[in-house]
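Generate coordinates for the entire structure from the input sequences, incorporating the hints supplied.
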Amino acid sequence: MIEAVERLVKLLERENVEWEVFYQFGRSGSFRIERETLERSQRKFYSGIGLRVGLKGRLGFSYITGLHPSEEELKKLVERAVKLAKISEVPFRGFPASGRVNRVKGIYDGEIDEIPFEEAHKLALEYAELMREKKGKETLSGSLSLAVGTSGVVNSNGIELEERSTYMGVSAYAVLSEPPGTGSYRQSFTSLQPVEELERAVEKAIDEARLSARARKLEPYSGELVLESNALASIMEVFLSNLYGDEVYHGRSRFSKPGDEVGSFTLVDDSTLPELPGSYSFDGEGSPGQRTVLVGDGIVRNFLLDHTYASFLGMESTGNALRTFRSVPYIGTSNLILEPGEESLEDYEGVIVRKVFGEHTANPVSGDFSLTVELGYVVENGELKPFKDNMLVGNVFELLRTLKPGKEIERISSFLSPRAIVEGRLV
Amino acid sequence: MEWLIKKAEELARKHGLDYYEIRLVKVTSRRLVMSNGQLRELSSNSELGIGARAFNGTWGFSSANDRERFEKAIETAMKIAKLSRGNARIYLGEPVRDEVELKVKKPFTEVDIEEKLSLVKEIDGLLRGEKIVSRTVNYGDSIVETFYFNSLGSEIRTVVPRIRLGFSVTAKENGEMQDFWKSFGGTLGWELVEGIDLHYWTAHVKEKALELLRASSPPSGEMDVIADPELTGVFIHEALGHAVEADSVKNGDSILAGRLGEKIAVDGLNVVDDPTLPGKFGSYPYDDEGIKARRVEIIKDGVLVSYLNDRETAEYFGLEPNGHARAESYSHQPLVRMGNTYVEPGDWSFEEILEAVKNGLYMLGDKGGEVDTANGTFTFGAKLGYIVENGEIKEPVRDVALSGKILDVLKNIMAIGNDTRVEFPGYCGKGQWVPVDDGGPHILTRALVGGLR
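Going down the list, the sequences are from chains A and B. The opening residue of the first sequence carries number 1 in UniProt numbering; numbering runs sequentially from there. The opening residue of the second sequence carries number 1 in UniProt numbering; numbering runs sequentially from there.
Simulated from the structure, these hints should not be mistaken for lab results. Among the hints, erroneous ones may be present.
Stated by the list, open to error - Computed spacing ranges between beta-carbons, pair by pair: (1) B/Arg128 x A/Gly99: 37 to 43 Å; (2) B/Glu10 x A/Gly106: 40 to 46 Å; (3) B/Gly129 x A/Phe255: 21 to 27 Å; (4) A/Phe255 x B/Gly93: 53 to 59 Å; (5) A/Gly106 x B/Glu173: 45 to 51 Å; (6) B/Glu389 x A/Arg401: 31 to 37 Å; (7) B/Glu191 x A/Gly57: 31 to 37 Å; (8) A/Glu89 x B/Glu191: 22 to 28 Å; (9) A/Glu71 x B/Pro107: 29 to 35 Å; (10) B/Gly86 x A/Asp207: 26 to 32 Å; (11) B/Arg128 x A/Asp260: 26 to 32 Å; (12) A/Gly57 x B/Glu173: 33 to 39 Å; (13) B/Trp433 x A/Glu15: 32 to 38 Å.
Note that the structure is a prediction, hence the values are computed from the model and not measured. Beta carbons: idealized from backbone N, C-alpha and C, even for Gly.
Now the structure itself:
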């Protein structure tokens, strides 16, 4: 436990309240490449302490930034949180009790933690150089980020946990102007990647931009089509809010309890997978990370829950309380996995949608969506005809009923899924 | 403050740097969220942080929120700049010394948190109703105090208050569910809240959610669409605003690159971005590079006349700097962003526009949007709509997204109404979130409608 938190805990132990301290500190280095030139480099430091106080069934929250508060600042933090608990009326359902936490492997890499900024900067210059080498008529840009962070939870029920993790993010973006075409690629990791990963990013973005520049609008189409994992991620985003415990509790979900049938697929949230950017050993309240089957063989089995909403719904926390020191816990996903099916769709012939955008304009409660197709293609006799600018329209609940996942899994940061066949409509 | 200015000067000398700029920002904010009569969040916090940038043909940036690291952040930014040496140039200009506080009538800091809580409860009560299965009320206010200084000798102090109130309901009937919501916001004080007819607006939100339950999905395909002032706002923000942000243009990421002076829209279309509009949500006195905010005409009578720019893109394109570099917070680098973007009024009355439509849709409300500036395609969502036949408004249709091509849709505008309103506060994401406002009059255009019929 860091020194400031120890002092804070001492102050809290004098008060007749239940309490929880969540703290974070870390740094990141990130680099922005524009037109194949490294244009912006930055190194950020952050730290802070968030305090939740439970008093007579009510909850107060406050935070401070930095890890070097004076005694006076710590006292004020406690006073503020206690005062808010007195007037707030935010219901307090207790804090999690100390439980068994299994450490997730491979989420910390000493190489990222210890890399000197100059080395990281050199890697970014190398990335820009790679872009210049591989460039055709495209304009290339991208980013590279390296970060290390520590977070900890201590509460009056005996929880005392701390975890350090590292992150590497890579993105590439290619633009062709005449005719216009764009391609992009992004991926994130928990360990330092070799330069081949940067090469892959540039190549994928270029390939996609070239495909996109050839793309025309497709005639309206209705029927079986394949969604690649990128497009599936957008569709799942529309569906997913129906599985958030707070949305369920407040009546803003299609579901009120597990048991409803939604199709024949399996969707899992799993924070315990090694080496994945969405993984953690414990969540923002200190509940152990776990594998949660959200939809199993087409049936809703569980919701994404933190301690509070689990308690409201008479269920158990699934360890999905995410947060920063500035915020109270909120429900979110860790790694989301659409389990693979039997059939390989790698050489599928027909209409394939790769990327769509505009999912935040969709209506998660009715399920209706109309998303712009950024890139798709039709495969006929092995030949590939790209299309874009159509809209993929439908209702997410109806579409998911027809979903049949393929075999081979692709990972986009913390979303893992194969391609999948659906009945869909393009206008 | 003086010691920080001196320290920065010393460090710049030591590292041989010509230009740096530093933002010291204090934010105090309060937030209340209530769902179904249950308070979900009540917070009141303040924090102080620093963002430092140094230029050496490329930018070095560092930020920190622990006071013990402030000096280190300045030095880190300078060291990075020194390490990075690039070929870019920036507009420097004359030093500016100024202090500006956006004045309000009734500071929300003088209103007790208890009163804010009773406001939220009152609205929650008013949102109750038959078939209303969920209600949410959001209130937030903040004061952002910035002290900006740079190596030119600029020293600018600004105080920007911002307030926002929003509420939403979910209606349910026969297994169907629909949402409707309304938001108010501005660089204003508590007078914003006092000026809202809460009975009218809560009834409106409930009525529209229930109307959506009875609505069917609109047809799909390319068709005539009348956008209301709120939808015109998001339309122009997505269809034009992002593509004229000069960083996108410079990076080859905008379909409007190289088109300054070109006719890209219909006669009579005038589009403006004006962060100096009093009280609007996207208003600010100085941008985050210490450049005074100013009104920018983007399209004048159909001709693209300016991009929105920052110090770097102004120099790059040889344009007058126009104060559109904005950062989400002290820990973010400024990017070229919009403030309050709107379409100026034309001369059509709403009735005349309606009469002009034989077969089409009247779409209302902003559900956000997204744009691919390089491909020139954008999507924007409407909250609800109505079928229009022979100039008459018919049955309601459900919320749906529309899509268009920037270069086509600006030329497809057939009518520009005379009823401009700029009062639709929101947040715009571009890797960072900043408060913006937008609006316009009713307009008639053609777009691809993604209906289910």
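Exercise. Which hint numbers doesn't this structure obey?
Worked result: none
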